[in-house]
Amino acid sequence: MKILYALFAAAFAALAIVPFAAPWLQFVLTIAIAKGFAAVGVALLLRAGLISIGHAMFYAAGAYTAAFIVLRSGISDLFVLLIASTLVTAVIGALVGAYLVRYRAIFFAMLNLAVSMVFFALLSKLYGITGGTDGLRVPVPTVLGMTLTKAGFDIVLFYVALALMAIIAGLGVQFLKSPLGHAVGAIHTNEVRLEYLGVSAWSVLLIAYTISAALAGLGGAIAAVSIGHVLPDYAYWTESGHLVLTAVLGGIGGVAGPFIGSIFLEIVHTVAVGVAHNAWNLIMGATLLLVIFFLPQGLYGLVTKSADKTSSAKLGENKS
Amino acid sequence: MSQPLLKAESLTIAFAGIKAADNVSLEIEKGEFLAIIGPNGSGKTTFLNLCTGYIRPVSGEVYLEGEPITGWAPRRIARQGIARAFQIPQLFTDQTVRSNLLLAIASRQGVWDGLKPLARRRYQEEADELLELLGLSAHADAIAGTLPEGLRKLADITLALALKPRLLLLDEPTSGVSALERFSIMETLMNAMRTKGLTALFVEHDMEIVERYADRVLVWNSGSILAQGKPAEVLQDPRVVETVVGVA
Ligand SMILES: Nc1ncnc2c1ncn2[C@@H]1O[C@H](COP(=O)(O)OP(=O)(O)O)[C@@H](O)[C@H]1O
Ligand SMILES: [Mg+2]
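Chains A and B, in that order, are what the protein sequence lines are. With full-length UniProt numbering as the guide, the letters of the first sequence map in order to residues 1 to 320. With full-length UniProt numbering as the guide, the letters of the second sequence map in order to residues 1 to 248.
Simulated from the structure, these hints should not be mistaken for lab results. Be careful, since some hints might not be right.
Covered by chain B, according to a simulated footprint, are these stretches of chain A (three or more residues, beta-carbon under 8 Å) [claimed, not checked]: (1) 142–156; (2) 165–177; (3) 195–201.
Virtual Cβ for every residue (Gly too), placed ideally from N, Cα, C.
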């Protein structure tokens, strides 16, 4: 366990020097972390055995909320935007979830997909409100009253995203160890027993769904202010599929998994697009196959396994 | 005036035209250890399903200490104090026995606490006590799904006990276990029941066990009660011998 934390601390430190050591990676990583929040949300539902193929709608909801607030109310503080977008998306998530968490398996997956497609259509068609398929431009937010250049803001945003990732990961680890966190997993393994313990699976799932939507919303808001432009495409179903893929690839065994998956995918994407533009889907597909066959616990499984090995080697009791 | 802990009144349910409960009425007194026997498919498990809200009767009522609970959801009935162990153990199979039990203990307060660990001291102590009582201490850290059937049954019962129920329903606690193990499971169970001062109903196939442990026995046949009374008498009843004892 200690090794694992040391590993995470080292990875975190490496990320923290990116704006200086590899400036080209800064934007890529900001987006990776933004999508990572959404993927963590998807992973939370996966723990309950539910696949949402619609979570990009909450990512988009967070992004559009941030855009609306800046454009309509004139409030442009980064922190206000992030908090407000997260809360608004949580409310939307609770409303959608109240209806969807009755369903299981393929019905849950398809209903999420359906609702997200309606959401996508609304974003595309309601030109007067959403800017239609052109989307909305998002001006550079202020930070605690300071007006920054775009470049300066991007650096601040990167560190804010990094800090939020650490905070969410910390809270997430706690959550998964809590009674409620266990109850989420219990829905997957034995919902009947959970109900017979007097626990409402519906309520547990609604809370999980709301949290997952809020996380996606936070990610969307970060993406909106980072990219400076929101589009209906944020909500497109392929984006939802991408989030599921990210969560599975990263691994749902721990909160770090989806972030690892997201950072991995964004970097592979960037490199692949640069090196062999047409091969992106091929590279993605092949990577996923490799992970599914060789790393059923996802990339996170690889990390925990190697940490395990190192620690047992140190104790001189090589288990494997 | 004491009213029965559980009262079932004219419960009726049919599946595909076959009556699994046919106008069933019975009462369970506080402190009683009541056995249900009967051939396979006679509706014993169905009766437990009706009492715990898993299925709704077509007609009839269930009362828990006078309060009608018919048609309530299982979680609500569980919170009112009826706990159940299943014919096929219902565990969180990917978790340790201890972790299963901790969740059961935590669920008495609802599981809404999202920030404090499940494995907190107070729950751990209670879990240890229960594991000890049910003789599961040695298996506390085993993954529940990997245990042999007898131990899974005990673990399932432990989850029910962790709810501190007013009434415990046990569906064939000793089935799938060698004849030798049966008595040791029952001894463990009876010890736990006495320690907790519980009222329980248990479905059982083994007549020796019924005779030795039950205060009263109900004989089920085709969805209705064929006979009831003290085990020693009921098990001699020729009709009972014909439908149940001979078959089992
Ligand atoms: N949910 C159900 N749907 C359809 N038929 C059922 C259901 N539950 C029980 N039955 C039928 O009701 C009868 C009684 O079953 P059960 O109560 O499980 O018997 P027992 O526990 O005494 O062996 C059987 O014929 C069984 O097939
Ligand atoms: Mg049965």
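Hints breached by this structure = Number 1 - this is the single hint that the structure violates.
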